[in-house]
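**Q** Here are the chains, one letter per residue:
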Amino acid sequence: MSIKDNVITKKVMSKEDLDTLKEEGKNRIFPDSLKIAVQMATCGRASGADKIYNFIQNEVKDKDIILENAGCLGLCQLEPMVNVFIPGFNPVVYSNVSTDTLKKFIPSWISGTYIKENILGQLGREYYEELDIRLKSPPGIKKITENGFFKKQKKIVLRNSGFINPFQITEYIARGGYYSLLNVLNNFTSEDVIEEILKSGLRGRGGGGFPTGVKWKYCRAAHGSPKYVICNADEGDPGAYMDRAVLEGDPFSILEGMTIGAYAIGSSEGYIYVRSEYPLAVGTLRNTISEARRHGLLGENIFGSDFSFDIKINRGGGAFVCGESTALMASIEGKVGEPRVKHIHTVEAGLREKPTVLNNVETWANVPKIITKGYEEYVKIGTEGSKGTKVFSLVGNISNNGLVEIPMGIKLREMIFDIGGGIPNGKKFKAVQTGGPSGGCIPENHLDMSVDFDELTKVGSMMGSGGMIVMDENTCMVDVARYFLSFLVEESCGKCTPCREGTYQLYKILERITKGDGQEGDIELLEELSEMIKDASLCALGKTAPNPVLSTIRYFRDEYEKHIKDKKCPAGVCKALFEYRIIENKCTACGLCKKHCPQNAIEGEKNVPHRIVQERCTKCGICYSVCKFDAIEKV
Amino acid sequence: MMNEDELVTIEIDKIKTRIPKGTTVLQAARSLGIYIPTLCYHEALSTYASCRVCIVEMSIEKRGKLRTWIDAACVYPVQEGLIIKTNSPRVQKERKLIIEMLLSRAPDSPALLELAELYGAQKGRFESIDKGESNCILCSLCVRVCNELIKSGGIGTAFRGIHKKVVTPFNIAQDVCIGCAACAYVCPTGAIRVIEEESRLSIENWNAKLEIQFCKECGKPVGPKVYIDKLKEELNLRDELYELCPQCRRKIYRKFVEVSGG
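Residue numbers (this note's numbering), protein chains in the order written: chain A, 299 to 933; chain B, -14 to 247.
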């Protein structure tokens, strides 16, 4: 049966129908002719994937070559990337490709050979384990899993991302997609599904870490109709884009997870609340929903059963607080996006006062995989209290920037130094910030802790949705706290006094400290305010807002004291608290700094060490970066 | 489902009491004559739990562990075994800070100054973004009274965080405003300015300027015309009553009672 837009598609009613689509998907992923798939998620496009795609399109238009797109494989730093499928061989991933290198590469690919440049690695059997095919390993090319970045990762949620075409439902099915839903509808009662998720130990990946199965169980038992399921895709933490990768790279897995969840709690109506700032994700989701509907995998009588379920997309208007469940529901209802008290849980009275299950993108994406392999396999991964994997976006001062999916319990050190490749430019590690803006900063002496929900909370941070910002020795921790507080001040909804006024006061104090106007007692005042905000705020945004302040005071108190008492910023970040000075015996009087200084603040003759006139210096740092002799210091 | 008639045993400030499950801590405390300050709470309106001056310290024993936390009394429903301290040192300390935060927005509000004296809060310790010009503590009582009781829905909040404001949509006068001034009546800080001029009633905050109707007997103002029109819609009274001021209305009514011999 054809799957062209203008043809009515045969609805999938049975395993046989699904098998047919699986075969179609297999032929799409591994066609008989050369296929080039450009990784075109937002990160890829930002590094020029569009240009690469258009270039290849032009190059291959008269040839028997298939051009496809894929999501993000995770190593965003090395994009643009293309996956090259030469028939009979494992796909090979090329990184950092440009139109120039492609001019060389494409003819070699056509002739069935690989130029050994820019190769990230080959994708092995784990990418076609469900398919009855045998592929050869291209000689002399390492498996991608041998690459340090991928070696310690365990891909469950991101298993398809960067590999399949996210717009093609058949490719998702070829990777085992929708077999879980079929299995559930044929062989599971709602209670069985809930039991399976309970036993898997899956905890909410949006940050709270609440056991998903328990949530579903309460909602199933709650009185009231209709019941709703919601996918929270309002990912708003600065530097975090785990959910975006799934939305853009493997969106059908979210739909399948939601459909299974809806069956479990007895819902026929779902919402995906996705932020408007993710236009590509929104577009991908629209296609995903219409494709699923067209194949009878969403809508009335799914798989021909008497179970019906459909999903609507709701676009968020740009408020961070709308990632909070009750504010999100208010927003869907068309009300002001403000949280409300949760003494009556949303599983009992959520959206429109009806029982509602809300889970995050990553949580939903885990569900089909748990059903496929059974909870027994899932619980083998992770720690006692945190099962499975977690996706992090590893960013900041780190060699390998990107998305990593790790088994829970991995050491923080392994994440940063093995997967992340350590700190670039020979700098020293200082701290890592986890848990988004309301998370905490973890110092070096905790690097050997395990990454899981409970351990992160113990050290004063939290799992959050999975942002992980690495900071090197040139980071000022007071300034970091100030930055996160400025974000939270902007994003507080303003409903309750502690969060609205309290975070603003915290910010003002931090600002004053970084400007050199810190006073004796400021640290104590920060602590006093923080305790009140944690205790008395209405929602989790406020209750966690002081974390950046408290954790930096806890681990870097001396840095605060140096700012306040000595009026010095040891990291040389707070402009009011340091000066650039020329080290006389290192200065060769080359004149480079003098030439580049936009303020004419550098004086000096030939052969005489130069001097910075502090009154004119704006501390732009240009002299510091142009000096070839390390003759400029921050003091 | 929760049985509303079920009684639970709780302890407030060392007083044990049995009270229907689901009662809020504030109601429970008030029924025992225990004072908990409130600002955004009003019996006639839905709860909003935003001002947080009613925070209390609660603890409950679960699985052998005592859990203690701070929460707003106006919304927290009592449950078996709940122990409440309405004025513990932790509550006092945090309540004091909250009052100081609110004072930064409305430094001259008598209600706040009274609370400040009670809890030792200092005026001027913090400065709000508008330096107290708005006088508004964003308790939303005005918004709720307009929506829930008057059913006009003329005002709401706009913007976020410290920039949040109570406004009419797009800051323009709304024809749904009937000038009842219930918003000003419930406002705890006097932030809503109602000005009665000769033939006009203005509510400055909402850009409302409403024409006043005068008593056809004595010529005294009765109220804004739109307000009287709304009353006409909602109440089934003799037409002439709407055109009279309260005093003249009473006179006429008395006459009416005498005539009918009641």
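Check each hint, because a few of them may be wrong.
What the hints assert, rightly or not - Below, in silico cross-link-like pairs of lysine-lysine (DSSO-like), each with a Cα-Cα straight-line distance of 27 Å or less:
id, chain 1, residue 1, chain 2, residue 2
1, A, Lys452, A, Lys709
2, A, Lys756, B, Lys116
3, A, Lys832, B, Lys81
4, A, Lys832, B, Lys116
5, B, Lys136, A, Lys652
6, B, Lys108, A, Lys640
7, B, Lys50, A, Lys640
8, A, Lys633, B, Lys136
9, B, Lys47, A, Lys497
10, B, Lys136, A, Lys832
11, A, Lys832, B, Lys50
12, B, Lys136, A, Lys671
13, A, Lys633, B, Lys149
14, A, Lys671, A, Lys497
15, A, Lys806, B, Lys50
16, A, Lys633, A, Lys726
17, A, Lys832, B, Lys150
18, B, Lys149, A, Lys860
19, A, Lys806, B, Lys1
20, B, Lys217, A, Lys450
21, B, Lys47, A, Lys756
22, A, Lys449, A, Lys434
23, B, Lys149, A, Lys640
24, B, Lys70, A, Lys640
25, A, Lys813, B, Lys116
26, B, Lys150, A, Lys640
27, B, Lys50, A, Lys813
28, A, Lys640, B, Lys47
29, B, Lys136, A, Lys841
30, B, Lys78, A, Lys892
31, A, Lys841, B, Lys108
32, A, Lys806, B, Lys108
33, B, Lys70, A, Lys841
Just so you know, these hints were derived from the structure itself, not from any lab.
**Q** Within 27 Å, alpha carbon to alpha carbon, are B:Lys149 and A:Lys860?
**A** violated (36 Å)
**Q** Taking 27 Å as the top limit, are the C-alpha atoms of A:Lys633 and B:Lys149 close enough?
**A** Distance ~15 Å between A:Lys633 and B:Lys149 Cα, so the pair holds.
**Q** Starting from B:Lys149, check that the Cα of A:Lys640 is at most 27 Å away, please.
**A** holds (23 Å)
**Q** Within 27 Å, alpha carbon to alpha carbon, are A:Lys841 and B:Lys108?
**A** Holds, because 25 Å separates the two Cα atoms, which is no more than 27 Å.
**Q** When you check the alpha-carbon spacing of A:Lys449 and A:Lys434, does it fall within 27 Å?
**A** At roughly 21 Å apart (the allowed maximum being 27 Å), A:Lys434 and A:Lys449 satisfy the hint.
**Q** Is the straight-line distance between the alpha-carbon of B:Lys108 and that of A:Lys640 27 Å or less?
**A** Status violated; Cα separation ~33 Å.
**Q** Holds or violated: A:Lys806 and B:Lys108, Cα atoms, limit 27 Å.
**A** Measuring from Cα to Cα gives roughly 18 Å; hence the hint holds.
**Q** Given the hint that B:Lys136 pairs with A:Lys652, test it: the Cα-Cα distance must not exceed 27 Å.
**A** Distance of about 24 Å is within 27 Å: holds.
**Q** Is it true that the CA of B:Lys50 sits at most 27 Å from the CA of A:Lys813?
**A** With a Cα-Cα distance of about 45 Å, the restraint between B:Lys50 and A:Lys813 is violated, given a limit of 27 Å.
**Q** Hint check: A:Lys633 vs B:Lys136, CA-CA at most 27 Å. Holds or violated?
**A** Holds, at about 16 Å.
**Q** Measure nothing beyond the straight line between the CA atoms of A:Lys640 and B:Lys47; if it is 27 Å or shorter, mark the hint as holding.
**A** At roughly 19 Å apart (the allowed maximum being 27 Å), B:Lys47 and A:Lys640 satisfy the hint.
**Q** Would you check the hint for B:Lys150 and A:Lys640, treating anything up to 27 Å between C-alpha atoms as holding?
**A** holds (24 Å)
Of the numbered hints given earlier, the model fails hints 2, 6, 10, 12, 15, 16, 18, 19, 20, 27, 29, 30; all others are met.
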